[in-house]
Amino acid sequence: MASLRLAVDAMGGDFGLRSTIPASVLALNENSELHITLVGDEPAIRAALADSSAPLDRLSIVHAPDVVLMDDKPASALRTKRQSSMAIALELLRDGQVSAVLSAGNTGALVAMSCIIVQRMDGIRRPAICAPIPSDHHHTFMLDLGANVECSAEELRQYAVMGSALCSVVDGTAQPRVGLLNIGEELIKGTALMQDTAALLNEEPRLNYVGFVEGGDIFGSEVDVVVCDGFVGNIALKVSEGTASFINRTLRAQLRETLLGRLVGLLLLPVLKRFQKRHDPRHYNGAVLLGLKGVVVKSHGSSDEKGFLAAIQQAARAVGQDLPARIAEHL
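Just so you know, this note's numbering puts 195 at position 195 of the sequence shown, and the rest follows in order with no gaps.
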């Protein structure tokens with residue numbers, strides 16, 4: 001697939017080149033159809049690649065003299081960081097030189113720059129970060145996960161339509177069940193915003209809206225798409241990731257305390273490994289910004305090599321599925 005070309009903001013995130021470079025090399029060695037353009041400080045990138053086994057015929061570097069810092073304000077980054085690795089990577093997507101952009105950098109800046117450089121789909125007010133969350137029926141799509149901390153009822157309606165379209169495209173679900181995250185399932189629960197949004201979702205003919213859902217329903221089998229604002233979604237996501245990590249950590253510690261526990265632990269080791277793999281946040285890293293005219297994927301800022309590799313794979317899948325065009329058709 002000649003069009004599978006990915007631009008990586010090599011300098012973004014908490015670890016920068018320490019995670020983006022080894023993950024990119026691994027991805028290239030795994031997928032012979034992938035071409036990666038690393039955007040960032042060229043001398044630093046070349047130094048990081050010096051001892052790697054990267055297939056150089058499918059790897060290119062575009063120099064960017066600036067970096068968007070994790071604490072930069074989005075408006076300021078938009079004005080003053082147009083020569084940053086993030087902005088230049090997005091310009092490559094806008095100009096058709098790559099098929100997708102991946103960054104672990106500043107979320108607010110990525111959203112703001114994507115809206116201006118890549119641009120939004122017609123009729124979409126704000127893009128939303130959407131990712132699959134492990135659940136009883138494989139996964140539940142959840143959005144927004146941090147792009148917009150405050151949303152109107154109309155914006156939440158748009159998220160619901162985009163999330164439903166994504167589920168149909170990716171999973172082939174004819175009528176995805178859409179739920180609105182609230183503090184209870186009763187119709188009278190929640191803020192005025194929740195009530196207004198529910199009214200809009202009830203009237204939306206493109207949706208199979210099932211009503212309010214609670215936090216625990218995200219991991220069940222009764223809903224395919226969960227809609228919320230980015231403030232609530234980001235907290236819910238990180239609490240779920242932290243909970244899975246805590247359970248895994250605590251169980252292993254308990255099993256190590258006694259001889260009997262260690263013996264039982266040996267028997268349970270295959271189960272523990274499967275649990276860890278299924279609930280490891282790194283395995284699910286890489287969230288698509290829905291509502292843009294191109295594929296932009298956000299990686300966790302704290303992603304290590306394994307997590308960033310998963311985000312590269314997610315970006316490649318989004319390109320292969322032609323997500324923007326197919327979601328636009330549903331919209």
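I should point out that these hints are in silico values taken from the structure, not numbers from a laboratory.
The structure displayed is predicted, hence computed values, not measured ones.
Just to be clear, a hint being listed does not mean it is correct.
Straight-line distance between alpha carbons at most 25 Å, and here's what the computed DSS-like set of lysine-lysine pairs gives [stated by the list, open to error]:
hint : residue 1 : residue 2
1    : Lys273    : Lys238
2    : Lys306    : Lys273
3    : Lys238    : Lys73
4    : Lys189    : Lys273
5    : Lys293    : Lys73
Structure-based check of all given hints:
1. With a CA separation close to 21 Å, the supplied pair Lys273 and Lys238 stays within the 25 Å bound.
2. Proposed proximity of Lys306 and Lys273 is supported: the alpha carbons are some 16 Å apart, at most 25 Å.
3. Of the supplied pair hints, the one linking Lys238 and Lys73 holds, its CA atoms being roughly 22 Å apart against a limit of 25 Å.
4. About 40 Å separates the Cα atoms of Lys189 and Lys273, which puts this hinted pair outside 25 Å; it is violated.
5. Taken as a hint, the Lys293 and Lys73 pair is honoured in the structure, with Cα atoms around 24 Å apart against an allowance of 25 Å.
Hint 4 from the earlier list is the only one contradicted by this structure; the remaining hints agree with it.
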